[in-house]
Amino acid sequence: MIRKNALAAVALGATLAVGLSACGGGGPAKGKGPGGGQGQGAGFNAADKDWVNRSDKKGGTLKLVSSQDWDSPDPQNTYYAWSVNFARVYGRQLTTFKSAPGTAGLEVVPDLAESLGEVSPDGKTITYRLKPGLKFDDGSPITSKDVKYGIARMFDRQVLPNGPDYFVLFIDNGGKKFEGPYKDKELKNLTGIQTPDDRTIVFKLTQAFPDFDYLATFPQTTPVPQAKDTGAKYLEKIVASGPYKIDSYQPGKGMQLSRNPHWDPASDPNRKQLVDKIEVQVGLNQDDIDNRLLSGAAHIDVRAVGVGPAAQAKILANPQLKANADSTFTGRLWYFTLNEKIAPFDNIECRKAVQYATDKVALQTAFGGPIAGGDVATTMLPPSVAGYQKFDLYPTPGHKGDLAKAKQHLTACGQPNGFTTKISARADRPTEMRAAEALQQSLQKIGIQTSIKSFPSDRYFTNFAGSPAYVKKEKIGISFHGWHADWPTGFGFLQQLVDGRTIKAQGNTNVQETDDPKINALFDQVTKTKDTTAREKIYGQIDRLQMERASTVPYQYSKGLFYRNPQVANVYFNYAYGEYDYANLSLR
Amino acid sequence: MTAPLDVSGTESSARPEAVLQGAGRQAIEGRSLGQIAWARLRRDKVAITGGVVIVLLIVVAVLAPVITNVVGGPPDKFNEELIDPTFSSPKGSGIFAGVSWEHPLGVEPVNGRDVFSRILYGARISLLIGFLATLVSVVLGVFFGVVAGYFGGWVDTLISRIMDVFLAFPLLLFAIALVGVVPDEAFGLSGNGLRLAVLVFIIGFFSWPYIGRIIRGQTLSLREREFVDAARSLGARSPYILFRELLPNLVAPIIVYSTLLIPTNILFEAALSFLGVGIERPTATWGKMLEQAVPFYSVAPLFVVVPGLAIFITVLAFNLLGDGLRDALDPRGTR
Amino acid sequence: MVAYIVRRVIGAVLLLAITTMVTFGIFFLVPRLAGQTTDQIAAQYVGRDPSPEEITLTKRRLGLDDPLVVQYGRFVKGLVAGTDYSYGPNTEFCPPPCFGYSFKYQRAVWPDLVDRFPVTLSLAVGAAAIWLVAGVAIGVLSALRKGTVFDRAAMITALAGVSLPIFFTGLLTLAFIRPEGVVFVPFTENPPAWAGNLLLPWVTLAFLFAAGYARLTRATMLETVGEDYIRTARAKGLPERTVIGKHALRATMTPTLTMFGLDLGLLLGGAVLTESTYSLPGLGKYAVDAIRQNDLPQILGVTTLAAFFIVVANLVVDLLYAVVDPRVRLG
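Residue numbers (full-length UniProt numbering), protein chains in the order written: chain A, 1 to 588; chain B, 1 to 335; chain C, 1 to 331.
Treat the hints with care, as some may be off.
As the list claims (entries may be wrong) - The calculated DSS-like cross-link candidates involving lysine-lysine, where the alpha carbons are at most 25 Å apart (straight line), are:
no.	chain 1	residue 1	chain 2	residue 2
1	A	Lys504	C	Lys59
2	A	Lys237	C	Lys104
3	A	Lys237	A	Lys135
4	A	Lys188	A	Lys177
5	A	Lys237	A	Lys272
6	B	Lys77	A	Lys322
7	A	Lys228	C	Lys104
8	C	Lys77	A	Lys233
9	B	Lys77	A	Lys405
10	A	Lys272	A	Lys131
11	B	Lys91	A	Lys407
12	A	Lys49	A	Lys322
13	C	Lys104	A	Lys183
14	A	Lys188	A	Lys233
15	B	Lys91	A	Lys400
16	A	Lys57	A	Lys98
17	C	Lys104	A	Lys504
18	B	Lys77	A	Lys400
19	A	Lys422	B	Lys91
20	C	Lys59	A	Lys233
21	B	Lys91	A	Lys314
Worth flagging that the hints you see were computed from the coordinates, not collected in a lab.
Extracted from the complex, chain A is given alone in its bound form (with noise of 0.2 Å):
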């Protein structure tokens, strides 16, 4: 009996050993105590202002986390806004955004190419000239026949899917279709990109299009060498450009970069080589993310959503944490849309109702609050775009909403009991399903009745809220929409979620299916406007023409609050990207 006993307690203290050593075994490193670095941070807001820990030492290995993948590692096959960012770093583009904090980063400036386009004068041709000696990572030239190759590659969607297809629908090919180069090994359709020699590049458009300059600071620019090209598995072996070159690349997993030697610096002022190698490490959740960055086991957080709740919390109350923090525009829009061809929103008046109705306090909260969630928006354009105007057309006292008024627009709309509705929102993001349960509140309180309907983020557009024939059928009066510029203008920003002519059966954004010709009108008038104030003020015209329509409430310029561990240099945000600037990051 006494060896039973025994037995017992060797059972029992084994399961102690085996919580006490999941405390401290393994696992990111710890314990260097907060800021896990050395000195002191920069200041709360530092790097929106400025370049911080200006730097010119090398060495040292950078290490990058994220809590998701990249839909492609692939220049001409991303979209997401934070690989768009990061493809900078192993490529080089014809343009490229301003090495600079805040709005000053949103300037284009040459990069491949030795100055911004060359526009014909009907502004249908555009020229770019490379600058000479430029290498891949192997050595050989970068020709402009590598650029123009590049992208031919997006033209077949089947294979390289993910990118914008703004070339696509840009590029004049005289009517005939090019398939791609995988179908049409010689790009023999592809006349509207054109490479008279090796240097020049020519671009014939189908119209007038004068953001040109910031299409081409896209990694679809990035040059390609037609020999290397394996189609959908080039992102296994990707030809660098930038100033450091992809040593693996495993999905799901991460990234390994070092130095390409071949990158020569006189010939880009916009990017830095000072760090041996860069490592990203992908699908971590972001408390593990957050907590590597605060012990210094990581340096910053490249998917640059901000750090969770509970970071939060320890970087605002901790002013040591908060000087390495910044609280600023990411360059997205929170709002949501009131369907103008579903009833009652067919009838401004209940659009209206709801403007007044919302209280756009409670939304914020439930994005996080002022630091971690943003400033309550009033205007489609956020601040950090180019032709952003402050304007409120629907004031309420504190953006806590007013009844009163809503309930006179109610019963302006025949609805003075209110009505009942649905509301989408994505299922997998909380903080748009928070958002959506404070809306119902809001609504519930002038008597409009709603069931919130949720769907898979991946499909959101492709299937249900950006489906017209959907919406319709399932009559979905109001969706939770939210949008970041593929470009940071106005037209960038705008033109794909008012623009009547953009409204489409799948993946259709202009989800309240605004159709106004007054606003149509006035993006064809952009194109033609050759002056870049005059520009930035049609865009203010568009966003209050849309605002009076009353079908769009944003409730919120996004903020997110991002930590840089005090041992990263040279770190500043660029609003371009809404994210630290990753083409020049290094250590101290």
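Since the structure of chain A is already known, use the hints to place chains B and C on it.
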């Protein structure tokens, strides 16, 4: 497949044949099985505790609107004034932040909904799904189990293979996919009523083979008994034998395994809710509350603990009662 | 014996075939039940802004308009004979077992599954070792002290273990023991970090399962102790240690191993809730993600693999039974 299902497999496969063979024999001795079982059960304090907890839960769930009128308030009402806007968590410090006389179990982060009310209303959904889904699986399981066991031959082979196929499925994955595509209106139901019905049906439908296997085994052994032979030789037809002779003798295992299946089904619903499919917001269910607590587990741990404990206590109570019932109804039980 | 094995193996293969058929049928139907057209299904795999023309091409490439039988046939063909896949400039051969290519990522599914499997395997094996040892030890002790406080406490604890949802205990352990979360580090890379990270999920998962083993062991032990041969052994004057350790314990082995085999088979297909709670990139998490994305090849791959483990576990257990107990073969 997943924990709750794994457990239900475990529970029923643990002693599949060790149960209740002598129901008929007991009856001959004069005291009915029910009387004997009740006498035994009464001595089992643990099982009785479980039973009492269940009764209390049912009462509380039924009276939820009355109780929350006094404490807690409406389950969907926002109390933003109790939330610290910077941290999105309840005002106050320590693990009991947000707890007060009006809100005895604290409030939800972000919107300040009363946790106590939501737990009470959540109990309605959990218990309702637990009971109804079990009813579905018992009806299906008993029907197919008895048919397979009684008729034998190819009928038995067919049904047994179907049950094998069921048990080889990753059922939770199917359930996620199927619950995810419920339309808004069907069979004259809509909204949460429809989702509830679908949940009940799916959970019940995926659990019937566990009962089916046991009932089949029981029927197989009962079929060879004298009293069945006697009935058959007296010219009784199959339906008569099935319903008048076999079924009464299967009551004991049905009760035991129903009691043990209810908690499994409650866990199943919680798991589905936790994975993001199930009843729509803002309706409170325990699994949904846990799902919503995930981002806040380190900021507002109470919001994890309370719904988790609610599930735990309920499931444990059913398991204790079911276990006691099994012992009480098992003639070989020696406790 | 050979005939029995052959019969059982054929049965298992058939069962697997039916399972894939039903799985295919259900997941083929799921989007259609939701009222989606093949256009809408295709639309989610052609980027953000698909033109009707691209959708038609995609539909054709993925074969979405083919009848159910044809699509299933393609799936089976890939599984047994492999299939060709064009990824742009060239075509590559995907050797069997080819579960096809993810609709969304255009990546072969099988390497993904192989990649995820170590996570699930580590989780299952570690937890299984803990619950087997702990469960059997507690069961034996309980049986030996039947009716004591220890016995009662152990059995109630066991029931409590069964009653705890893993997504609750998992969150609690994350909140109070390891707020930094767990990461999967491959065993081959760093064994201490591998074990250190997985300990928490192991213990949490084992707690859930150990209960069943404790109860089973206790019940079988109690039955065995009453049997003649144990009495004989005792009468012979064998030490109690030998009686329990050698004779009684051995009798509990068969049912315990049966249950163990089945549970392990179940877990190897993916511990959905455990992996979701701890964000471990195993097969279970893969399956949930695949379902959310409606990625048919991924779903089929992971569910077929899961069913395969369950069926094989059943088969192994049955065959072991047949070896141990010859009567089974006749039945």
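Against the structure, the hints come out as follows:
For the given pair, Lys504/A sits about 18 Å from Lys59/C by alpha-carbon distance, which is consistent with the 25 Å threshold. The hinted pair formed by Lys237/A and Lys104/C meets the criterion: a straight-line CA distance of about 20 Å does not exceed 25 Å. Under the criterion of a C-alpha separation no larger than 25 Å, the hint pairing Lys237/A with Lys135/A is consistent with the structure, at around 17 Å. The hinted pair formed by Lys188/A and Lys177/A meets the criterion: a straight-line CA distance of about 10 Å does not exceed 25 Å.
For the suggested pair Lys237/A and Lys272/A, the alpha carbons sit about 23 Å apart, so the restraint of at most 25 Å is met. For the hint pairing Lys77/B with Lys322/A, the CA-to-CA distance comes to about 34 Å; that exceeds 25 Å, so the pair is violated. Between the alpha carbons of Lys228/A and Lys104/C the distance comes to roughly 24 Å, so the proposed pair stays at or under 25 Å and holds. For the hint linking Lys77/C to Lys233/A, the alpha-carbon distance of about 24 Å falls within 25 Å, and the restraint holds.
With a C-alpha separation of about 23 Å, the suggested pair Lys77/B and Lys405/A falls inside the 25 Å cut-off, and the hint holds. Restraint check: the Cα-Cα separation between Lys272/A and Lys131/A comes to about 18 Å, which is no more than 25 Å; the hinted pair holds. About 33 Å separates the Cα atoms of Lys91/B and Lys407/A, which puts this hinted pair outside 25 Å; it is violated. This hinted pair checks out: Lys49/A and Lys322/A have alpha carbons roughly 16 Å apart, not beyond 25 Å.
Among the hinted pairs, Lys104/C with Lys183/A is consistent with the structure: their alpha-carbon atoms are about 22 Å apart, no more than 25 Å. Straight-line distance between C-alpha atoms of Lys188/A and Lys233/A comes to about 24 Å, which keeps the hinted pair within the 25 Å bound. Between the alpha carbons of Lys91/B and Lys400/A the distance comes to roughly 20 Å, so the proposed pair stays at or under 25 Å and holds. Taking the CA atoms of Lys57/A and Lys98/A, the gap is near 22 Å; set against the 25 Å cutoff, the hint holds.
Taking the CA atoms of Lys104/C and Lys504/A, the gap is about 21 Å. The hint holds against a cut of 25 Å. Taking the CA atoms of Lys77/B and Lys400/A, the gap is about 16 Å. The hint holds against a cut of 25 Å. A threshold of 25 Å between alpha carbons decides the hint, and for Lys422/A with Lys91/B the separation of about 32 Å lies outside it, so the pair is violated. Between Lys59/C and Lys233/A, the direct Cα distance comes to roughly 21 Å. Compliance with the 25 Å bound is thereby established for this hinted pair.
Between Lys91/B and Lys314/A the alpha-carbon distance is near 15 Å, which keeps this suggested pair within the 25 Å criterion.
Of the numbered hints stated above, those contradicted by the structure are hints 6, 11, 19, listed in ascending order.
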